[in-house]
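Colleague: The residues making up each chain are set out below.
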Amino acid sequence: MELRYNRTMFKAPIDMIASIGRAALFLGDVLGVIVRGRVRWGEVFKEVYVQGVQSLGIVILASLASGAVLAMQSRVALERFGAKEVMAQMVALSLVRELSPVFTALVFSGKSGAGVASELATMSVNNQVLATRTLGVDPVGFLIVPRMLACIMVLPILVVVSGLTGILGGYLIGVGEANILSSSYIRQTIEAIGYQDFFCGFIKVFFFAFFIGWICCFKGFFTSGGSLGVGRSTTQAVAACYISVIVSNTILTKLILTLWGS
Amino acid sequence: MILVEGLSKAFNGNKVLDQVSFEVAAGEVVALMGLSGTGKSVLLFHIIGLMSPESGSVTVDGTRITGLSERELLRYRRKIGYLFQDGALYDFMTVGENVAFPLKEHGQLSANDIRVKVDEHLKMVDLAGSFDKYPSELSGGMRKRAALARALVMNVKVLLCDEPTSGLDPIRSHDISLLIRDLSKKTGCTTMVTTHDVVNAFRIADRAFVLNGGKLVAQGTEKEIRSSQAPFVKDFFKG
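Protein chains in written order, with my numbering: chain G, 1 to 262; chain W, 1 to 239.
Mixed in with the good hints, there may be bad ones.
[Claimed, not checked] Reference listing, derived: stretches of chain W covered by chain G, where coverage requires no fewer than 3 residues with Cβ under 8 Å from a Cβ of chain G:
1) 74-80
2) 101-113
[To be verified] Within a straight-line C-alpha distance of at most 27 Å, the following computed DSSO-like cross-link-like pairs (lysine-lysine) qualify:
3) G:Lys11 / G:Lys111
4) W:Lys117 / G:Lys46
5) W:Lys238 / W:Lys215
6) G:Lys46 / W:Lys133
Since the hints were made in silico from the structure, they are not lab data.
Virtual Cβ for every residue (Gly too), placed ideally from N, Cα, C.
Make a model of the complete structure from these sequences and hints.
Modeller: In structure tokens form, the structure reads like this:
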């Protein structure tokens, strides 16, 4: 009885360690394909298009709205201190350094990441992954590497788009509602963003993209249990992506600020 | 062509294959029969190298595949065709692209030659004109035939079919059984078919193996199997 209790108690952490181990081996296989130069660039660009198109609309909409909301809220706070003129800097810096990378990574996880995980999971439960092996083709090279590389290529582009549309959202409120001169808003925005601000946010995006690609491909690839398994893997993949983005963002921000300064 | 010696495999202590040994001659068509869950598919997975045994070995066309690395197995599998129960066609590719896939991956053929060969194989399985259709637009029987075309397109030496008649009505089952037999004989490939469908098994096969409890309990021609005195075999064929 006591033994059974202990087994139950340790099952979850043991499963978790085993899963991390499997994920590490899986990553080793992925890197092996890349290092040996067996990347299928045609498939990569097809995936870049699919993932980009999947997420572009929602990223633009979300960024435009969040830029506008950020401007509205900043206006309330800044007007109290008579500092309405710095609204453009505040919106631009917040978006470029923090909000755009994190927000876009979360949206991308829920849209393209979920798409990748569910697609691979469906292929897995329908024996298409196994069929790839029976046809003498390495499924990691054929199905995984293109999707992972596409994630790493698409997310930075989406972050740039997000930053620009977010700034546009702020501009519309700043000029249209707060009556800041258009030329003044644009000038202040450009002056506010230094290259270190841009890179401070942009470097993190590659880590986010790597985690999202790795997690979604791993979860999808090792799915079993029919349609229930597909749903479970997809949900777990998206949840794990959110956690990894939020946690890695905190660690990376601290690291960047410590090593690079503000 | 296929030599299986003392093959054993267990999952969580449950023995699925227990010292299974047999030989299949080149060009022969063999049915592997038994109740559902008796290890027929597991045996096919060992022959194509998707699983490795706890003991025993598998030799195909002179290559001892037990112990080969995954990269060597990928190369070995190019001469084996595998037909999955549900076809396992890529649903993001058209039927033609599915059949062309192994040729593009491994062949040295030009795009034109690939197209000609794919059309030829689709015609062989009575799917001429389905090149641009997606698997979701096909019926279950048509999907199996498309998958058969994909399995054979590399001029394979061995064809392994996992429950090719499952989920099909009796007429379609009859058709696919005859198609597998005809194509096996026409292409000269050695074929193993798992099934629990007694009627269709002997439509396809020259000989049959019967598995029960992980052991090979009978083997031979239809006449030999039907005259077997083993209780399980008698019950199995009586239904």
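Colleague: All the hints need checking, so say for each whether the structure fits it.
Modeller: A quick look at each hint next to the structure:
no. : hint                : verdict
1   : 74-80               : holds (count 6)
2   : 101-113             : holds (count 4)
3   : G:Lys11 / G:Lys111  : 32 Å, violated
4   : W:Lys117 / G:Lys46  : 26 Å, holds
5   : W:Lys238 / W:Lys215 : 20 Å, holds
6   : G:Lys46 / W:Lys133  : 20 Å, holds
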